[in-house]
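Asks: Build out the structure end to end from the sequences listed, making use of the hints.
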Amino acid sequence: MNKILGNKTAITLFIAPSLILFGGIIFYSIVMSFRYSLLDWNGFGEGVFAGFGNYIKMFQDKVFLRSAANSLLLGVITLFTQLPLALLLALILTSGVKGEGFFRTVFFIPMTLSSVVIGQLWLKIYNPNYGILNSVLGALGLTSLQRNWLGDVNTALLSAFVPIIWQNVGYHMLLFYTSIKSISQEVVEAAKLDGATGLTSAFYIKIPLIKPMIRTCAIFVIIGSMKAFDMIYVLTNGGPVHMTEVPSSLMFSSIFNLNKYGYGSAISIFIVAECILMAVALQKLFRVKDSAI
Amino acid sequence: MKKNLKKAAVVLSAAGMLAAMAGNAAFAEEEQITLKISHIFVDQNDGQTIGWYRALDEYKEAHPNVTIVEDTADNDAYKTKLKTQLAAGDVPDVFYAWGGGFSSPFVDAGIIENLDAYVENGTINMDAMMPDICNNFYYSDSLYALPLDSFIGVLMCNQELFDTYSLEVPKTMDDLYAVSKVFQENGITPLAMGEKDKWPGLFPFGVIALRYGGVGTTTGLLNGEGSFDQEFVAQSAQELQKLVDEGVFADDCVALTNDEAIEEFKQGRAAMWYSGNWQVGQLSTDSPLAGKLTIVNWPEITGASGDQNAFVGGASACLVASATSEHKQEAIEFMAFMSQHFSDYAYEEGAILPTWNYEGDMELEPYQETLLGLMGGADGFCLAWDTLLDPETADVHSTSLQGIYAKQMTADDYVAAMAAMR
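So the sequence lines, in the order shown, correspond to chains A and B. Counting in my numbering, the first sequence runs from 1 upward without gaps. Counting in my numbering, the second sequence runs from 294 upward without gaps.
Quick caveat, the hints were computed from the structure, so don't treat them as lab data. Yeah, the Cβ is synthetic: ideal placement off N, Cα and C, and Gly gets one too.
Facing chain B, from chain A, some residues (calculated, C-beta under 10 Å):
{"no.": "1", "residue": "N42"}
{"no.": "2", "residue": "G43"}
{"no.": "3", "residue": "Y126"}
{"no.": "4", "residue": "N127"}
{"no.": "5", "residue": "H242"}
{"no.": "6", "residue": "F256"}
{"no.": "7", "residue": "N257"}
{"no.": "8", "residue": "K260"}
Replies: Okay, structure coming up:
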């Protein structure tokens, strides 16, 4: 075995397929997008070289700045609502409640549905005329709270975030659940003998032991928010009046509705750079924290 | 039994091969060619799709040497796909497009074929077409596309609801405001609107602009003459804002898609709907509104100096041909054939208004008579603004109007945003 792993030809051979796929499909596209982002180009014919003009324009564009702020806000909100919620559910499920398997499946179901389906579902929930949300508010006598959730510029953004957060709770719960399950029973038993049950066990034994998973999930959540697209596209398509725009939706409409390939490519490069920077920064942050402990 | 079946199958297939060979021999002198076609006719129940395939089958029968390879996608997906394809240099021989601003970058980039020479050599017979139907397909005085359908924007009224509250279908804007009030008091949305999609909201604005500015002035402005900072533009935006403020549209109109708005209208929760005539056929024959539909033009604006009987409408959907096709002559012939026959057949299906002189002998449905009547007496036509403007200005236009519908922008904001573009 060691002989094979030490063999350079074998290594090349095994790495080649994924390297070719990665290089050809992902890396090449990013490089090409970067090239396009330097052009003033409508997608047809020849583009005119514009240097970093598109990037300068981008940071002066109010709609773009709002979209970037929206995605950051989504990241922060998701981090502080979705992950705690997922962790809570995972802790409850692993504490030996009845119907563990049943609830685990139920919580995971949203994850198995396509975003478009979930988007349609929430469109119906939010519908101002017959949606369940306004109906329930009406039945409770809270008519003053009833509104046009996705159409009102004050509520559209948060209303669009809720399904995104809701959709992925089950996914993170499952990750937490499996890593809690993989904690050695001996550790948990030993803690029990020392009198650590319930909350104490959760806070001093389980959560510290699944820290690596929490870290991974935090990175997933932040990166996921940076490139959020599908749900926004289905729910509001960036409207009303660009209030719910995120960088990806703006990139899409710049390229395909406005024929601004160069500008849209600049936004796509921004998204890539932002995701890489965030991932690196988060990893650094966690490392600093670790060494502090 | 099985053996016999097998034998029969062998004999049949042999016979089939012989027949096929004989068929090929007959057309051996003609070159076998393949034309790649992209279009949006995917909904098998749609009258336009039925019309398209009737025409296509006829073409195939008449041209056995031409193999047609179709590539289709639904409207929005089609636009995305087409632009990606063209950007990559993969141009279909003939493809579905829209006139005005949509195709103008294709013309500038030399992607689509100038048709002037084919009009001259008789491949395209302009005399068989409706007059002025190609107005939106000329770029620098050259023809680049052939029309597929034409439409007019009409106000569809649920006559049953009007009768219930003893109301008359509105003839002037004042009437419209008055009937809207009554409908509102009775919990009915006066005018259905699906402004989440943005384009539906351009229709009322478009027709109001014709009332204030007239067809000539509006068309000129959209084709690049002068600034948007004009009185009739401001008046139109103010009128639209008034419609929104008076509650003529539902408060939630920016949260509804066009399809959802149609449903509101169909189910009697909205009394009127203003849109292109595309759904008139289906609404008046196969919907809860069958037999209850009154179709009129948008109301007049008393005292306004534009064209009071002009329509939003005209021809926009079209076919264009690749400038780099290997079989240009055949592609243009195909295009002319399809344009003309689609016009006939989709019209017979009640899906479109004809773009070529109709010479069939079909009996017209009452709603078709109504539409033709409305068209006949018109002061003129002008497409919705987004079709004629360049994409960027069109986006500012439609987003700012969405702002008015959402009560987030005022008429002044709209004019300022447009004036900043030109």
